[in-house]
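Which chain is which? The protein sequence lines are G and U, in order. Reminder that position 199 of the first sequence reads as 200 in our numbering, one-by-one numbering, no gaps. Reminder that position 143 of the second sequence reads as 144 in our numbering, one-by-one numbering, no gaps.
Derived by calculation from the structure, the hints in this document are not laboratory data. Note that CB positions come from ideal geometry on N, CA and C, so glycine has one too. Take these hints with a grain of salt, some might be off.
Stated by the list, open to error - Which bits of chain U does chain G cover? Going by a derived footprint, with three or more residues having C-beta under 8 Å, they are:
{"id": "1", "region": "38-51"}
{"id": "2", "region": "76-89"}
{"id": "3", "region": "110-117"}
{"id": "4", "region": "214-224"}
{"id": "5", "region": "231-238"}
{"id": "6", "region": "314-321"}
What the hints assert, rightly or not - In silico PhoX-like pairs for lysine-lysine, Cα to Cα no more than 20 Å straight-line:
{"id": "7", "chain 1": "U", "residue 1": "Lys107", "chain 2": "G", "residue 2": "Lys76"}
{"id": "8", "chain 1": "G", "residue 1": "Lys100", "chain 2": "G", "residue 2": "Lys32"}
{"id": "9", "chain 1": "G", "residue 1": "Lys108", "chain 2": "U", "residue 2": "Lys32"}
{"id": "10", "chain 1": "U", "residue 1": "Lys76", "chain 2": "G", "residue 2": "Lys298"}
{"id": "11", "chain 1": "U", "residue 1": "Lys97", "chain 2": "U", "residue 2": "Lys32"}
{"id": "12", "chain 1": "G", "residue 1": "Lys23", "chain 2": "G", "residue 2": "Lys11"}
There are 2 protein chains.
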Amino acid sequence: MNKRVNLKIKDLEIFVTNILKKCGLDEEDAKTTCDVLLLADKRGIESHGIARLQKYVNGIKQGTIKITNKIKIIKETPVSLVIDGEGGMGQPIAYKTMKLCIEKAKKNLICFATIRNSNHYGIAGYYTLMALKEEMIGISLTNSAPLVVPTFAKDAVIGTNPISVGIPAEKEKAFLLDMATSTVPRGKLEVYARLGEPISHMWATDENGIETDDASKVLNNLIDRRGGGLSPLGGSSELTGGHKGYGLGALVDIFSGIFSSGEVGTDVYVKKGESSGVCHFLGVINPEAFTGIDDIKKNMDYYIKMLKNSKKASGQNRIYIAGEKEFESEKRNIDKLSVQDKVFSTLNLIGKEFNLKLKAI
Amino acid sequence: MNKRVNLKIKDLEIFVTNILKKCGLDEEDAKTTCDVLLLADKRGIESHGIARLQKYVNGIKQGTIKITNKIKIIKETPVSLVIDGEGGMGQPIAYKTMKLCIEKAKKNLICFATIRNSNHYGIAGYYTLMALKEEMIGISLTNSAPLVVPTFAKDAVIGTNPISVGIPAEKEKAFLLDMATSTVPRGKLEVYARLGEPISHMWATDENGIETDDASKVLNNLIDRRGGGLSPLGGSSELTGGHKGYGLGALVDIFSGIFSSGEVGTDVYVKKGESSGVCHFLGVINPEAFTGIDDIKKNMDYYIKMLKNSKKASGQNRIYIAGEKEFESEKRNIDKLSVQDKVFSTLNLIGKEFNLKLKAI
Numbered sequence: 002m003n004k005r006v007n008l009k010i011k012d013l014e015i016f017v018t019n020i021l022k023k024c025g026l027d028e029e030d031a032k033t034t035c036d037v038l039l040l041a042d043k044r045g046i047e048s049h050g051i052a053r054l055q056k057y058v059n060g061i062k063q064g065t066i067k068i069t070n071k072i073k074i075i076k077e078t079p080v081s082l083v084i085d086g087e088g089g090m091g092q093p094i095a096y097k098t099m100k101l102c103i104e105k106a107k108k109n110l111i112c113f114a115t116i117r118n119s120n121h122y123g124i125a126g127y128y129t130l131m132a133l134k135e136e137m138i139g140i141s142l143t144n145s146a147p148l149v150v151p152t153f154a155k156d157a158v159i160g161t162n163p164i165s166v167g168i169p170a171e172k173e174k175a176f177l178l179d180m181a182t183s184t185v186p187r188g189k190l191e192v193y194a195r196l197g198e199p200i201s202h203m204w205a206t207d208e209n210g211i212e213t214d215d216a217s218k219v220l221n222n223l224i225d226r227r228g229g230g231l232s233p234l235g236g237s238s239e240l241t242g243g244h245k246g247y248g249l250g251a252l253v254d255i256f257s258g259i260f261s262s263g264e265v266g267t268d269v270y271v272k273k274g275e276s277s278g279v280c281h282f283l284g285v286i287n288p289e290a291f292t293g294i295d296d297i298k299k300n301m302d303y304y305i306k307m308l309k310n311s312k313k314a315s316g317q318n319r320i321y322i323a324g325e326k327e328f329e330s331e332k333r334n335i336d337k338l339s340v341q342d343k344v345f346s347t348l349n350l351i352g353k354e355f356n357l358k359l360k361a362i
Numbered sequence: 002m003n004k005r006v007n008l009k010i011k012d013l014e015i016f017v018t019n020i021l022k023k024c025g026l027d028e029e030d031a032k033t034t035c036d037v038l039l040l041a042d043k044r045g046i047e048s049h050g051i052a053r054l055q056k057y058v059n060g061i062k063q064g065t066i067k068i069t070n071k072i073k074i075i076k077e078t079p080v081s082l083v084i085d086g087e088g089g090m091g092q093p094i095a096y097k098t099m100k101l102c103i104e105k106a107k108k109n110l111i112c113f114a115t116i117r118n119s120n121h122y123g124i125a126g127y128y129t130l131m132a133l134k135e136e137m138i139g140i141s142l143t144n145s146a147p148l149v150v151p152t153f154a155k156d157a158v159i160g161t162n163p164i165s166v167g168i169p170a171e172k173e174k175a176f177l178l179d180m181a182t183s184t185v186p187r188g189k190l191e192v193y194a195r196l197g198e199p200i201s202h203m204w205a206t207d208e209n210g211i212e213t214d215d216a217s218k219v220l221n222n223l224i225d226r227r228g229g230g231l232s233p234l235g236g237s238s239e240l241t242g243g244h245k246g247y248g249l250g251a252l253v254d255i256f257s258g259i260f261s262s263g264e265v266g267t268d269v270y271v272k273k274g275e276s277s278g279v280c281h282f283l284g285v286i287n288p289e290a291f292t293g294i295d296d297i298k299k300n301m302d303y304y305i306k307m308l309k310n311s312k313k314a315s316g317q318n319r320i321y322i323a324g325e326k327e328f329e330s331e332k333r334n335i336d337k338l339s340v341q342d343k344v345f346s347t348l349n350l351i352g353k354e355f356n357l358k359l360k361a362i
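Just chain G, same shape as in the assembly (with noise of 0.2 Å):
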C-alpha cells in the first residue's frame, strides 16, 4: 500500500494557483485550471488531479502549451461556436467556451461549441458539472493522446475519448455519465503492472494486437510504439462488443477534431514540443428546449428511484447511477484531501523551483 497525505483544500488551492501563476498564466486562468485539477481528486479520479500538475508545468516549459489568456472564436452562429484555443491550457479553454455555451444556451436553447488546438483540459466532467449549476443539460467530449487500438489493428490510433454528459435531478443527485471510451484508463494498468497482477484480457492488446494480461508489456510496447494498447470499451474483439467501444471513441474524435477541422487520431500528440493538438466538443441543452426544466427533474428523480430501488444482484446492495460515487467522494473531500506520499513529494519538488511549499495537516 502507498502512503498518503493529508492535506487542506485552502492550502492546496493557494499552492496550485501559484505555481500555474509562477508559470505564466493570469490569475483567472490558474485559478481554473487549480479548481478543474482539485474537484478531479475531490471526486475520487486521481489519475485526473493534482497528480497531472507535473505534466502541465512540463508542457508549459516545452511550449506544448502555450501562454494566452483568450479563446479566438472562428465561427460564431446563434446555436454554435467554433473555437481555436491557440495552442493554450486546457481547462481555461473548456472553462470559458462553456460560459459561452451556458450563455447562448440560455438565449437559443442549445448551444453547440467544437474546439481545436487546445491541450488537455481534465476531467471531461468538469464542464458539464458547469451546465447543471444552470439547470442545463451538459455535454463535454475530448479527443487525446493515442492509446486505444481499433478493432482488428495492431496499433494505438485514438485516444481515450471521454463522453461526459449530465443532466439535473431534483432531490436526487444529477446523472452525470464522465466515461472514457476505452475499457480501463491507462492509469489502470500501471497499478496492475506496479503489483505485477495480470490484467483482464478485456483490457489491452500486445504489440501483435492480440490480448494479453501482461500489464508492463502494454505500457513499455505503448512507451516505444512498437504496437498494442488499450483496448475500446467491449473489448478487442467483435465478439464482446470491441466494435461498439471503437466506433464511440471515433465519434468523439469526429465531434471534436473534425467538427473544429482540428487533430484527430494519429496526429494527437504527434511531438513533444509542438503543439499536442487537442480538441474538445462541448455542449449546453436548455430543458426548456424540451418539456422544461420541472418535469425534466421531476422524471429523473422517478427514473434514478426506479434504477436505485431495483432488485439487487446476488453478493450486492447497491446500484448506482452515473456519478453518483463521485459526488459522495466529493462531499468526503470538501476542506481536506488525502494524496498519495509520491504526489506530495512531486508537488513540493515542483514547489521548490518557485521557492513554494505546500504543508501536510
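We have chain G already, so just place chain U on it with the hints.
Frame of chain G, contents of chain U only:
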C-alpha cells in the same frame, strides 16, 4: 444451417406495403414502414427487417399500435420539437419527425426532437441516413422493452437502447454508428440457444444476476420475468466496464423518455394490448454550424483513411468503419434479398389472411 429463399425487392415492397395497408395504415405510412423494414434486411440487420412484420401486425390487432396518420407537436421552438406519437406505428412517427428536424436544421442549423408514446421504429440508423442524404449530421436514439440488467442489479430494467450517429464523408462511405448499448441483442442469444452453444460470459446474467453461458436459461428467465437478462456493453461487472454500457443505456432512456415526459425503464411495454410507450430522440445538425460541409467531408475522408490504413492485428486483413459492412451489404441487395425459409413461410401465412401471396424467385 437454415435454408434460405431469394425474393425480389420489388415483390417484397408490394407485398409488405399491401399488408400494412390492409391493416389500416395509409399509403404513405405503409410505404415508409416497408422501406424501414426492407432497408434493415438489405443492410444485413435481419432481426429488424421483414421478420418483424408479424409482430407489427399483431401489435395493430392487439391495439398496442394505433392507426394514426399524423404526429402531434406538443412543443416547438426554432431548434427543438416535443412530439406525441399517440401510440401510432413507430416508423412513420420517426420518419415524419426526422423530416421536420431536417427542415428546421436547414434553417436554424440544429434541431432535436424528443418523442413520446410511439412504438418500435425499426433500425435506428434509418433516420440518421435520412440526415446523411441531406449532407447533415444525424442522431437517432430510442428506448425499448426492458431486457438489460444495470450493473449490480438482478432484473432487466432498461432496453437495448441503441445509439445511432451519422457523419457525411466525401469519397469514403459515411460514418454510420448504429449500436445497441447492450453487448449483444436478444437475437444473438436466440441463435446460440438454437445451436445449444455456450455464450460469452460478457453477454448475459442469470436469475441471480450472475454471469452465465446458458442462452436458453436467459431467454426463458426473460419471458417468465424470473430475473437476469442481457448485460450492458462491457459486461455485468465494473472490472470490464459494464457500468459504462449501463450509463449509455440510461442516457438513451433519458433523452428519449425523460425529455419527452414519456415512459422509461420498466414502464416501456408493461402490458400486452396497451400502448408500448416507446420513446425516441432524433436530431439533425447542419455542418454549417461548424466548419462547413466541404471541410467536414474532407476531414472525414482523411480520418477514415487513417483508421483503415492503420496496421492490422495478427490474423486480420481489414479494419472497418462504423456502418461500412452494412453499406456493402446494402449494395449487394439492391434488387433481391435472401431470407430465411422460416421468414418466407411466416410472411405468406400473414399474407394468406389478406389474400396476398409472395413468390420466391
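Outcome of the hint check:
Only residues whose beta carbon comes within less than 8 Å of a beta carbon in chain G count, and the region 38-51 of chain U has 0; fewer than three means the coverage is violated. Note: the region 76-89 of chain U has 6 residues with beta-carbon separation from chain G under 8 Å; the three-residue rule is met and the coverage holds. Beta-carbon proximity to chain G at under 8 Å applies to 4 residues in the region 110-117 of chain U; the threshold of 3 is reached and the given coverage holds. Against chain G, the region 214-224 of chain U contributes 0 residues with a C-beta closer than 8 Å to a partner C-beta. That does not satisfy the three-residue criterion, and the hint is violated.
Counting residues of the region 231-238 of chain U whose CB lies closer than 8 Å to any CB of chain G gives 4, so the stated coverage by that chain holds, three being the minimum. Restraint check on the region 314-321 of chain U versus chain G: 6 residues with Cβ-Cβ distances below 8 Å, three needed, restraint holds. This hinted pair checks out: Lys107 of chain U and Lys76 of chain G have alpha carbons roughly 17 Å apart, not beyond 20 Å. In summary, the hint linking Lys100 of chain G to Lys32 of chain G is supported, as the alpha carbons are separated by about 15 Å, within the 20 Å threshold.
Distance restraint check for Lys108 of chain G and Lys32 of chain U: the Cα-Cα separation of roughly 40 Å exceeds the 20 Å cut-off, and the hinted pair is therefore not satisfied. Between Lys76 of chain U and Lys298 of chain G the CA atoms are separated by roughly 18 Å; this keeps the pair inside 20 Å, and the hint holds. Proposed proximity of Lys97 of chain U and Lys32 of chain U is supported: the alpha carbons are some 13 Å apart, at most 20 Å. For the hint linking Lys23 of chain G to Lys11 of chain G, the alpha-carbon distance of about 18 Å falls within 20 Å, and the restraint holds.
Hint violations for this structure: numbers 1, 4, 9, all remaining hints satisfied.
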